[in-house]
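Colleague: The lines below spell out each chain.
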Amino acid sequence: NAGVTQTPKFRVLKTGQSMTLLCAQDMNHEYMYWYRQDPGMGLRLIHYSVGEGTTAKGEVPDGYNVSRLKKQNFLLGLESAAPSQTSVYFCASATPGQGIHEQYFGPGTRLTVT
Amino acid sequence: GNSVTQMEGPVTLSEEAFLTINCTYTATGYPSLFWYVQYPGEGLQLLLKATKADDKGSNKGFEATYRKETTSFHLEKGSVQVSDSAVYFCALSSNTGKLIFGQGTTLQVKP
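Chain order of the listed sequences is W and Y. Heads up: the first sequence begins at 1 in the working numbering, then just goes up one per residue. Heads up: the second sequence begins at 1001 in the working numbering, then just goes up one per residue.
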């Protein structure tokens, strides 16, 4: 099993550009999450999904959109990137059967917006 | 609202030293508590958990006890190794099923 994978690993964007981060999991998990990690601030939840076709806002959703068209994939979009979105982005998944709080994380995407 | 506070880092120890990383929380109800570890260049991994008061979670020589009276979940290890160098995150589960993380504590273990 690959677990949770994220594409790309690194990206540099210019202000105003758009991009999509892809998260894929092969564990048949219902729940998926997008976090951002910034120095001294831990992980903050951007958006999450409790099932295919559903999404919800987390703690810091502004400037991001998400889609969950397939159970195994969770996409995070930046429509118009800003320097404040420079961060490391982590995707995670979980399932109620194992405890929804035991989240499995991907390796992260390091995004720089200049 | 719910929150988690961890001790400031970095924590620098010599190999075989005793480790304590403090974690306190504020929450309504009875959350579950977790420690996650992030090794350099990787995502987070669950290290241990406790789901009710007085529970002790343990894994890989690490332990933490859920103390409701002091709202704490301190991480301890009796003898650290260089391979334990990582960032450690304390977290609690909210009543909506989401995790709330502390800011993370960096541990550096020197040979």
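In short, the hints are calculated from the structure, not lab data. Please note that a few of the clues may not be correct.
[To be verified] Below, computed lysine to aspartate or glutamate pairings styled on EDC-like, alpha-carbon distance capped at 16 Å:
#  : chain 1 : residue 1 : chain 2 : residue 2
1  : Y       : 1060      : W       : 30
2  : Y       : 1098      : W       : 79
3  : W       : 71        : W       : 52
4  : Y       : 1098      : W       : 26
5  : W       : 14        : W       : 79
6  : W       : 70        : W       : 52
7  : Y       : 1077      : Y       : 1063
8  : W       : 9         : W       : 52
9  : W       : 71        : W       : 38
10 : W       : 9         : Y       : 1063
11 : Y       : 1110      : Y       : 1042
12 : Y       : 1060      : Y       : 1084
In this text, all values refer to a predicted model and were calculated from it rather than measured experimentally.
Colleague: Each hint should be assessed against the structure and marked as holding or not.
Modeller: The hints, checked one at a time:
no. : hint               : verdict
1   : Y/1060 with W/30   : violated, 29 Å
2   : Y/1098 with W/79   : violated, 26 Å
3   : W/71 with W/52     : holds, 5 Å
4   : Y/1098 with W/26   : violated, 21 Å
5   : W/14 with W/79     : holds, 12 Å
6   : W/70 with W/52     : holds, 6 Å
7   : Y/1077 with Y/1063 : holds, 6 Å
8   : W/9 with W/52      : violated, 24 Å
9   : W/71 with W/38     : violated, 28 Å
10  : W/9 with Y/1063    : violated, 33 Å
11  : Y/1110 with Y/1042 : violated, 21 Å
12  : Y/1060 with Y/1084 : holds, 10 Å
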